[in-house]
Structures are given as C-alpha cells and as structure tokens.
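S.K.: Listed below, chain by chain, are the residues.
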Amino acid sequence: MTHVDCNEAALLITALVDGELSADDVGRIRAHLERCPDCAARHRMEERLKAFMAARSADVRVPPDFGARVRASLSRAAEPPRPAEPVGSGARARWLPISVFAAALVGMTVTWVTLEMRNVGPGVSPFMETLASIHYAATQAGIFQVRTQDPEELAAWLTEHVGHPVTVPVLEELGLTPAGGRVVEIDGSPVPMALYRDYLGDMPDLTLMAAGPEVNWSLEGWHSALEGERTVHHARFRGEDMALFSDGETLWMLVSTCGEEGMSQAARAVAVALATPDLEPAAAIR
Amino acid sequence: MTDAERHRLFEKEALVHLDALYRTAHRLTGHREEAEELVQETYLKAFRAFDRYEPGTNARAWLFRILRNTFLNRYQRSKREAGAVPLDDVEPVLGAEDPDLGLKAETYEAMLGRVLEDDVRDALMALPEAYRTVVVLADMEGLAYREIAEIVDIPIGTVMSRLFRGRRALRRDLVEAAKRHGIDPGLARQAT
Chain R
1109 MTHVDCNEAA
1119 LLITALVDGE
1129 LSADDVGRIR
1139 AHLERCPDCA
1149 ARHRMEERLK
1159 AFMAARSADV
1169 RVPPDFGARV
1179 RASLSRAAEP
1189 PRPAEPVGSG
1199 ARARWLPISV
1209 FAAALVGMTV
1219 TWVTLEMRNV
1229 GPGVSPFMET
1239 LASIHYAATQ
1249 AGIFQVRTQD
1259 PEELAAWLTE
1269 HVGHPVTVPV
1279 LEELGLTPAG
1289 GRVVEIDGSP
1299 VPMALYRDYL
1309 GDMPDLTLMA
1319 AGPEVNWSLE
1329 GWHSALEGER
1339 TVHHARFRGE
1349 DMALFSDGET
1359 LWMLVSTCGE
1369 EGMSQAARAV
1379 AVALATPDLE
1389 PAAAIR
Chain E
311 MTDAERHRLF
321 EKEALVHLDA
331 LYRTAHRLTG
341 HREEAEELVQ
351 ETYLKAFRAF
361 DRYEPGTNAR
371 AWLFRILRNT
381 FLNRYQRSKR
391 EAGAVPLDDV
401 EPVLGAEDPD
411 LGLKAETYEA
421 MLGRVLEDDV
431 RDALMALPEA
441 YRTVVVLADM
451 EGLAYREIAE
461 IVDIPIGTVM
471 SRLFRGRRAL
481 RRDLVEAAKR
491 HGIDPGLARQ
501 AT
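Chains R and E supply the protein sequences, listed in that same order.
The opening position of the first sequence corresponds to residue 1109 in this note's numbering, with each subsequent residue numbered one higher.
The opening position of the second sequence corresponds to residue 311 in this note's numbering, with each subsequent residue numbered one higher.
Because the hints were derived from the structure by calculation, they are not lab data.
Reference listing, derived: stretches of chain R covered by chain E, where coverage requires no fewer than 3 residues with Cβ under 8 Å from a Cβ of chain E:
1) 1116-1125
2) 1154-1163
Over 10 Å on every C-beta distance to chain E, these chain R residues come out as not near it, computed from the model:
3) Ser1130
4) Gly1135
5) Arg1143
Beta carbons are placed, not taken as given, at the ideal position from N, Cα and C, and that holds for glycine.
Can you build the whole structure from these sequences, using the hints too?
M.R.: Next up, the structure:
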C-alpha cells in the first residue's frame, strides 16, 4: 500500500464521500485519515456537507402544473404547419405574420392569435416599430397568442395587453388586420449570408428572441432560420435597436443582453448591409 | 414511428426526468422562471432530436447535456463567465490553508443548521458555472462521476477536482452565512 500525501488525500476524500473509490483506495485513505487530523476533519466536513446539500435538494419544488405545460408545448411543436391561404390584398401590400408570444407565462390558458400586419415599405418603417412595440408589450405582459378574425376583438385584446387604447381605425391606420393564422412569406432584398456572418457570426452577447408557434431562444436558431436568404429589418423601440425577420411562421427578433450598444451595432450592421450589400464589413459595424 | 408512439416513447424515456431537470435548472439559474424556460427549451430540443435517440442509451445524461449546453448558450456567454473556468489539474488541489478545519464538529453542525435556503442559493450562484454544475449534479441529484463526466464533457479526474474545489468554496460561503446569522464559533464552542 503506497503512502498518501494530503494533496492526494483531498481528492481521495472527495471520492470516498461520493462512494466512488475502489476497495484498495478506501484502505489507503482510511489509513491516512487515522494519522492526519486535518484530513480527518476535512473528511467529516465533506461528508456532512454532502448530506446537507442532498437534503436541500428538496427545497426546490417543481410547480405542480409545469409537467402539463411542457407536454403542451411539445404537442404544439409536433403540430404540422398550417396551410397557407392566398393573399387577397392590394398589389403593393406585403403581409407579414406576427405571432405574439411570451415565454414567461405561468398558469394562463393558452389561446392562439395570429396578427398579420401590412408592411408599408421596405427596410426600416413605422410598421416595424409598431410591430416591435406590440411584441415588446406582449412579452412584458406575458401574453400568449390569440386567434381572432374580428377587428373589434383584436382591438380590445391589444388595448388590454399593449397598455394604451387601440381602436379599429388605429388598427387600419397601422395596416394591422386580424387574419386568423394565414401564413405568408415576406418579400424584399435578401441579406447575403457572407455579410451576415461577418457582422453577427462571432458576437457573443447577442440573444435571440423568437416569437411564434416554435419557440427558439438560441442563437443557433437564428443562424439556421437565416440559412435561406431573408430580409432582416431594423427597428427601434424605446431607444433600443433590434433586428427582425420573419420566416413565414415565426417572427425572429435579435436583441442584445449586453445593453444598447451591442444591439445597435448588430442592427445597424444588418440595416447597412441591407442598404448597401457591397459595403465592407468593418465600415458597417462602426 | 407514428406521432402517438413517438410521444409515448418520449414520455417514457425523457419526460420521466422532468423533476430532476427542473431542480438542476433552478440551481443553475437561481430563478424559477428561468428554470422553467430552460427546461422547456431543453425538452423542445430533445423532442426535435428524438429521432436520433437510441432507446436504451442514457437518456438522462443526454437530457442533462442538452440542458447544460442550453444554459451556457443562454446565460454564460453574455456574462463572460467563460473566463472563470478553473485551472483544474494544473495546480495542486489543496492550495492555501483552510481555516474552517479548526471548527469543532458540533460548531459546524450548528452552523449548517442555521443556513437558509437563500444562503444555499447565493453560495451556489457565487460558484463559477464549472463548479456549480458538478456540485449540483453530484450532491443534489446524486449522479455518479461517470455520468457527470459525460454530461459536462470532462475527464473523471476533473470531475473530482472540481467537486473538491467547488465544495470547499461552498462550505466557506455557508459558514460565512451562518456567522452572519449569529452563530459565532467561539460562542458555539462555549455552549457545547
């Protein structure tokens, strides 16, 4: 049996407490503990701490309805995509679906609403700002989606959840109509993937928010959703920049967790890339 | 596989671990809402990748791995905690002196008795993620080294050294918390 020093004993004590030692090593460490008061004290404390932490495990209680909510979200994810209906609007109008979503809702009945909004122009537009503000309000309030074909109902719903009065004329002015789940692609100039990667690919502080039936909070989701060529919109809301695009089912928003500056850079880069696709990457970031 | 079969298999293989995943997510994030989001996303990812899952392999380790990677993607990169990854086997584990070793067993016991749930949460959150994860998996979920090594993707020896260091830091924080709550080692000694 080889001699154990205190440094090795520290790891052996750890493994002893966890029941991960071979019989041979148990013998070695026990012999050391009999001779070394410091290590014996360390062993007692480790053993006691492990038991203490194991007992504390029960302090975290799983919310009683959480399992049901996870199963519900899995069922939604497994649903086949809704069939697209023909676009029945004016020749210049572009339609963008927005599924207002919030992840933090606890214990609320899930209803679905899909809003469709008319995109009044290319690139940055008041429309995008409205869209962003409604999404922002929805996420703050913890709203799931609502499905309605009735403008009055939609106006009432928005009034309740956005926090300021929304009337049917206002909806019309905004080009915002309830459209009951129609899925239509948006049109516009594509973002060259190479430019996108140069600007956004390596930024560690970006967080993705996706709104839609499929929830994806990861930057990977943003990457894969952008694999096809998409129009990315730049929007500002309450002084914050965000980048948005729709893949026809989901509204993707890119915001930053590192404060305004990081997102400003990203959104500016996206906006500049849209406007001048041949711009040098470094010039667009700064 | 039909949709119904897929759901049934997912229920049997994956959803049985929901409580363990939630508890772990709660300990990693320190918040209920964030734990819920993390577990929701973990299950969505697992569900999408379930076609590639082979029944009979370690579903729990697979799920914990997704959970941890999702956690790192969502939180750690933005907090720049990656810089706090420990040196692990580079330096000797014992390092500096450990003043707590002088505590009498009764004093230590009394101190742990005064520790509150908030103290446990704060002490865990004060640990760098690399330590927090292995301590939570080993001490709160009772996972074996082999499984933790698979989840965190580190050698078993590194699991061990991270556990040693993590627990030592945790113990110091808990002892400090107990002192703040009024257990003074000197007084406790007189009382026993």
